[in-house]
Amino acid sequence: MPALDLETIKKEIIDSQLWRSVFRGGVWKDTPRDRAGHIIGNVWLHLHPVKVRPRALEWAYTWGMGGISFALYLLLTLTGVALMFYYRPTIGLAYRDIKDLEFAVTLGMFLRNAHRWAAQAMVVAVIAHMVRVFLTGAYKKPREFNWGIGVLLLTLTLFLSFTGYLLPWDQLAIWAVTVGTNMAGATPILGNEGPLGSLVGMRINNDVRFTLLGGTMVGENTLLRFYVMHCVAVPLVVGILLILHFWRIRKDSFSAAPYSAAEEKIDVWPHLVKREYIAAAGTVLFIMIWSILQNAPLEAIANPNVTTNPSKAPWYFVGLQELLVYFDPWIAGVAMPGLIIVGLIAIPYIDTNPKGVGYYAWKERPFANALFMLGIVMWFALIYIGYALRGPNYAWYWPWESWYLPKAAPPPTWSVFGPEGVGAYSMLIGIPLLGALSAAWMLLPKLIQRELDGRKAMGGFLAAVAALAVAGVALGRMGAAEGGFLLFFLGASFYFGFVLPQRHIRTLDWPRYLVTMVLVVSTMSVLLKMCARLAFNIKYVLTIPSINMNI
Amino acid sequence: MSEITPNPAPNQAPVPSPKPAAKPAEMSRGDFLWAGWGMLAAFFAASAAAGARFMFPNVIYEPSQKFNAGQASSYDLGVSTKWLNEQRVWIVRTPSGFYAMWARCTHLGCTPNWWGDQNRFKCPCHGSNYTLDGDVIAGPAPMPLWRAKVELAPTGDLIVDKAVLENKPGKREDAPYFASYAAA
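Residue numbers (this note's numbering), protein chains in the order written: chain V, 13 to 563; chain E, 5 to 188.
So that you can see chain V by itself, here it is in the shape it has in the complex (with noise of 0.2 Å):
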């Protein structure tokens, strides 16, 4: 009896009129025309190039965050899918199907942990993907609108994880989302607690907020509606965009760095194809680990009368959450955010430098990754106070005090330019004098021509601040600590706010400037108020009652 041979039977199957008629293509013998054929062949694949350069498949360069991304929102599809077999969006039985999920249903438990951990992975991929794409200028001509495409496809993917946790019905759910289109319904002109909302008629049953929710309280409609969006629309619009982004990355080609002398092609079946299924694959081995050590969280079911004490955000939403302590809704729920998408998207049309295409360029590009990773760290130190050190009541805890510890009511606080303050006259004095500091932190860095010495200018502005500090504290005004706070966050503003752009940008034409100071001085300004609530209690720089203008 002939031994079985594995050769003969492999090409007897490949050979076959079967095999033959589902994948295209003649005998393989392993031709660079083969492999090109086998990316121009195949649907799934032809959207990669034959060829990439070698760049392309170093971990060190590319981090694979965008592929990651894409398989775990394809894992995502893939639970959400099963997830959507036992789950009924309705008041009534949401919750009792997620607990069904959890309790009854063969693998509903492992299935909804890896949903709900694919969706955090995934946050995290992205960020980290528009990290890498940051830092290697990755998004300068000619992919500036590619860059923009990725920036609403995070933006989608937070959107995404909105909308997916009032799905089980909890009390995370319904308080988050309570915030979440109270924060809409506090949005200027459409929304019914916005300013100028009221004057153009907004009311609580006509404005945006009514529309998020079908009703003007968070109930039945707004769970439809969130329903529809997470499970439909939304990956709907995520699936066209990426369908763009890829294009894109595909038509533009992989990097525009400068070629070196030995550079040479790489096919990329195998090699790229190869890596992007090492990826996919520990990608969904480390989630599938997750989901068996550790289960989503589920809170007691939804009472839409009482909320929990702390109630706070999922984490990628805690810095949000923690920046509305400090500024009014509108500001930080819809301006602020807001802000931040279009500048993220202005930054390829405003950087004018043509250095560090393709390469980590630290010295290169001193402003622009200072600020970026400035705008990144800040978003997970907010994180990271919201998360870590705020208990019960949203008060100030430290990592080493109890929650059980009652903590001392917190001091009542104030306004600087508002009926109460130093400047009762906010319209009179208020305006013109914020309105003249900020021009005047705005235009300073360009008018001042000689570029400054970077240290000096810094040790002249502590040691003022430090003067200052010890002259608050001598004269009582103030303690020690809100002398550090002072000192630490002016200095901080002066050199990102002002050193900084004084040294590196005063060259930009006026219009890119002036776009990057508003970037720059707004993202001050979240560093001032905090300070200015933190260490002194002020509640608003300046309000206007009237219009509902606080500041």
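I should point out that these hints are in silico values taken from the structure, not numbers from a laboratory. Quantities reported herein were computed from a predicted structural model and do not represent experimental measurements. Just to be clear, a hint being listed does not mean it is correct.
Taking CB as the label site, the calculated pair distances span [said to hold, decoys possible]: (1) T85(E) - I388(V): 41 to 49 Å; (2) I64(E) - G466(V): 55 to 63 Å; (3) E90(E) - K111(V): 21 to 29 Å; (4) S32(E) - L445(V): 57 to 65 Å.
Ideal Cβ placement from N, Cα and C applies to all residues, glycine included.
With chain V's structure known, arrange chain E on it following the hints.
This is chain E only, laid out in the frame that chain V set:
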């Protein structure tokens, strides 16, 4: 003489038309296209507006905002959390009567908790603090808590209507946001 036709044939002298006044003005190709594209744009704009309108429900099924809070005499002085879980309202009894505070933080709509030892309402979402009167003393809330309309029925029951709200000092202390009640 004749009108100038939109597209005269080349190398041909203009021919006097037989009935110049009776002939309707012809639309040029350019104008026709403008009108066509304009109508298409109008169609898309109208569709978008209609789609947006579709998202505003005309009928909503929401619970009534009015409820019977029971016998006024059953309340002690101070804040009662009896109706918080069901109706999201604190019934506050003062020496001279009652007011009903809607337990919705004016910041972003969470339900604050009453802390009797500190005489404050504290919100668990962003840390807003309110006095017993509902005025903001700390945290980000932009305005005082809302008080709901409250009436003393002839039966001695308190009738609270959360659809009628007021939070301005000077107005909120008077009827219908305050129900006078003399201690028995």
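Exercise. Going back to the hint list, which numbers does this structure go against?
Worked result: none
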